[in-house]
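Using the working numbering, the first residue of the sequence shown is number 1, and each one after it goes up by one.
Keep in mind that the hints are not guaranteed to be accurate.
Pairwise CB distance ranges, derived in the manner of DEER restraints [to be verified]:
| id | residue 1 | residue 2 | range |
| --- | --- | --- | --- |
| 1 | 31 | 97 | 11 to 21 Å |
| 2 | 15 | 56 | 29 to 39 Å |
| 3 | 8 | 105 | 16 to 26 Å |
| 4 | 15 | 97 | 11 to 21 Å |
| 5 | 46 | 6 | 20 to 30 Å |
| 6 | 28 | 67 | 18 to 28 Å |
| 7 | 32 | 6 | 28 to 38 Å |
Bear in mind the hints are in silico, worked out from the structure with no lab data behind them. Glycine residues also receive a C-beta, built at the ideal position from the N, C-alpha and C atoms.
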Amino acid sequence: MADLAKVYKDAILATWDAGLGGLGWITQLCEQGKATQLSCNGFPNRYTASADVIAPLLLAGIAEAHDGEFPQDQLTGWPGGITVHRERIAACAPGQLLTIEVWDQS
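With the hints as constraints, model all of the structure from the sequences given.
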């Protein structure tokens with residue numbers, strides 16, 4: 001039997017810690033009809049979007065926040081808290097549906 005924790009961990013494309021405003025990018029995608037919000041209770045907030053929408057954003061890089069600023073229109077994380085698995089992202093098929101989980105750490 002597969003170790004589900006390892007399978008799940010190996011499926012993660014990227015992780016980062018963000019501050020206030022760190023959801024702006026995914027909120028914009030929802031408003032544009034490019035992503036769908038499935039849950040919104042913070043434990044986690046869950047979204048879906050196609051790999052052809054998400055992969056280019058991740059491959060473009062997650063910017064480091066400066067002075068605690070998290071621009072609404074780009075992926076931004078706290079310095080030192082950003083991990084991107086480029087090989088996993090590149091392996092995604094263009095129409096593949098991805099899940100985006102956002103955990104409220106407050």
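Verification of the supplied hints:
no.	hint	verdict
1	31 x 97: 11 to 21 Å	19 Å, holds
2	15 x 56: 29 to 39 Å	18 Å, violated
3	8 x 105: 16 to 26 Å	19 Å, holds
4	15 x 97: 11 to 21 Å	19 Å, holds
5	46 x 6: 20 to 30 Å	21 Å, holds
6	28 x 67: 18 to 28 Å	22 Å, holds
7	32 x 6: 28 to 38 Å	35 Å, holds
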